[in-house]
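Read top to bottom, the protein sequences are chains A and B.
Count along the first sequence starting at 1, add 29, and that's the number in the numbering used here.
Count along the second sequence starting at 1, add 176, and that's the number in the numbering used here.
Just so you know, these hints were derived from the structure itself, not from any lab.
Please note that the accuracy of each hint is not assured.
Quick list of in silico lysine-lysine cross-link-like pairs, DSBU-like style, CA-CA up to 35 Å [stated by the list, open to error]:
# : chain 1 : residue 1 : chain 2 : residue 2
1 : B       : K287      : A       : K31
2 : B       : K213      : A       : K38
3 : A       : K31       : B       : K213
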Amino acid sequence: MKITLDTDKCCAAGQCVLIAPEVFDQRDEDGIVVLLDDAPPAEQHDAVREAAAICPAAAIEIQA
Amino acid sequence: MTVSAAPAPLPVQPPNGCPFEPPTAFAALRTTEPISKVSLPDGSWAWLATRYGDIRAILGDPRFSSDTTVHGYPLSGMTGGAPNANRGFIRRDPPEHTRLRRMVTREFMVKRVEALRPGIQRLTDELCDAMERAEGHEQGGVDLVEALALPVPSLVISLLLGVPYDDHDVFQRLTGTLLSRTIPDDEREAARVELRDYLDRLVTAKEAAPGDDILGRLIVEQQRTGEITHDDVTAFAALLLIAGHETTANMIGLSALTLMRDPETAERLRQEPGLIRGAVEELLRYHSIIRNGPRRVATADVEIDGHLIRAGEGVVVAVASANRDERVFAEPDRLDVRRPNAQHHVAFGYGVHQCLGQALARVELQVVIATLLRRFPTMRPTVPVEEIPFRTDMTIYGCHALPVTW
Numbered sequence: 030m031k032i033t034l035d036t037d038k039c040c041a042a043g044q045c046v047l048i049a050p051e052v053f054d055q056r057d058e059d060g061i062v063v064l065l066d067d068a069p070p071a072e073q074h075d076a077v078r079e080a081a082a083i084c085p086a087a088a089i090e091i092q093a
Numbered sequence: 177m178t179v180s181a182a183p184a185p186l187p188v189q190p191p192n193g194c195p196f197e198p199p200t201a202f203a204a205l206r207t208t209e210p211i212s213k214v215s216l217p218d219g220s221w222a223w224l225a226t227r228y229g230d231i232r233a234i235l236g237d238p239r240f241s242s243d244t245t246v247h248g249y250p251l252s253g254m255t256g257g258a259p260n261a262n263r264g265f266i267r268r269d270p271p272e273h274t275r276l277r278r279m280v281t282r283e284f285m286v287k288r289v290e291a292l293r294p295g296i297q298r299l300t301d302e303l304c305d306a307m308e309r310a311e312g313h314e315q316g317g318v319d320l321v322e323a324l325a326l327p328v329p330s331l332v333i334s335l336l337l338g339v340p341y342d343d344h345d346v347f348q349r350l351t352g353t354l355l356s357r358t359i360p361d362d363e364r365e366a367a368r369v370e371l372r373d374y375l376d377r378l379v380t381a382k383e384a385a386p387g388d389d390i391l392g393r394l395i396v397e398q399q400r401t402g403e404i405t406h407d408d409v410t411a412f413a414a415l416l417l418i419a420g421h422e423t424t425a426n427m428i429g430l431s432a433l434t435l436m437r438d439p440e441t442a443e444r445l446r447q448e449p450g451l452i453r454g455a456v457e458e459l460l461r462y463h464s465i466i467r468n469g470p471r472r473v474a475t476a477d478v479e480i481d482g483h484l485i486r487a488g489e490g491v492v493v494a495v496a497s498a499n500r501d502e503r504v505f506a507e508p509d510r511l512d513v514r515r516p517n518a519q520h521h522v523a524f525g526y527g528v529h530q531c532l533g534q535a536l537a538r539v540e541l542q543v544v545i546a547t548l549l550r551r552f553p554t555m556r557p558t559v560p561v562e563e564i565p566f567r568t569d570m571t572i573y574g575c576h577a578l579p580v581t582w
């Protein structure tokens with residue numbers, strides 16, 4: 030799994046951080062999403078997919 | 177579609193005797209006419225979207241504008257102020273929306289809000305202590321809205337913004353008027369002006385002595401550098417103050433009442449405190465307290481589910497219907513605190529306007545509901561549910577008052 034973020038789209042709703050805190054974080058200065066791990070281990074994949082599905086700005090893209 | 181029959185009015189009332197149900201018409205519309213036409217109070221019409229998928233598509237599509245000054249925006253029957261007033265970022269589109277919203281996004285980010293959790297717990301405990309000490313709660317009951325549901329979010333947002341909580345009578349009265357659907361427009365306009373004047377004076381005082389709070393930081397970092405004006409700071413103050421307490425307060429009241437009427441679920445949450453996070457998502461889905469929108473206006477011709485919505489046509493998006501869509505949520509009318517996809521609800525909206533304060537709302541709801549369940553396991557309403565004053569007259573659903581005893 031490879032993850033790419035579109036930080037221009039991100040609206041800092043923060044749900045990805047709640048769902049997959051080992052993969053996503055928020056920048057201190059503006060709350061915009063930060064990727065902690067761009068190729069997370071398999072046990073994180075469901076949470077990452079869930080974060081992408083829920084992201085209101087469609088800012089998280091996953092390549093299988 | 178036939179155009180001979182006048183469209184039915186926008187459904188806003190829950191069915192009689194079912195205070196937790198969304199307006200009756202939604203379920204039928206989802207099946208028969210998911211994109212329908214509705215009439216608004218001034219006689220104009222707008223599209224009404226009732227299915228989850230369509231609603232996410234509309235709210236996520238930049239061709240639907242949030243700008244209330246765009247011709248065709250369905251303002252009729254909406255509350256909260258005139259279109260040409262300084263309207264804050266929720267009523268603007270990118271890139272201006274993005275620029276303004278990002279000035280405050282860090283204030284509501286997950287880790288900053290999590291850091292507030294101990295303080296929110298302390299505040300909740302103190303208010304619960306005060307409820308326990310209240311004289312005569314066995315007889316007349318304590319109003320849970322006044323004693324707990326409103327003070328928690330109101331105190332927290334006042335503190336974060338730097339608005340003196342001593343003034344809460346003033347801003348609670350004014351926001352209540354602004355969010356009413358039954359108060360005449362001229363009275364609502366007067367309340368809007370009064371709130372603006374109050375916040376205008378407050379921002380002026382803060383310009384001389386900005387404190388360590390959201391408004392203080394906006395003044396120092398954005399206003400003094402010329403990014404925004406005094407009026408913009410006032411608009412931020414109004415938006416965050418209104419959004420910060422009416423919404424969460426009503427979710428607390430409705431959630432408490434739901435759990436009092438569902439002792440099995442309440443007991444499960446007491447036994448398994450780890451369920452509270454999912455339970456709050458499910459309560460948000462189930463109640464969907466925004467009953468009058470959100471709304472948008474198309475800025476281009478857009479096809480949604482086979483319907484052509486033309487540029488300049490208004491759209492009302494029924495999030496309360498989306499959250500009961502059987503295509504997404506199994507047995508949608510059942511409250512299930514273990515529901516696996518509850519967090520897919522659109523109670524906070526969807527798209528770039530999705531609620532900025534959602535992390536704060538979640539923490540407040542988790543803390544207050546868990547604390548109530550733990551400390552008042554025998555709490556119950558003192559009046560039959562039919563006598564509880566539900567907010568069918570307001571944009572944000574809930575209870576005006578909730579008399580309880582324990």
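Hints, one by one, checked against the model:
For the proposed pair K287/B and K31/A, the alpha carbon gap of about 25 Å is at most 35 Å, so the pair holds. Taken as a hint, the K213/B and K38/A pair is honoured in the structure, with Cα atoms around 31 Å apart against an allowance of 35 Å. A C-alpha spacing of about 43 Å is found between K31/A and K213/B, which places the hinted pair above 35 Å, so the restraint is violated.
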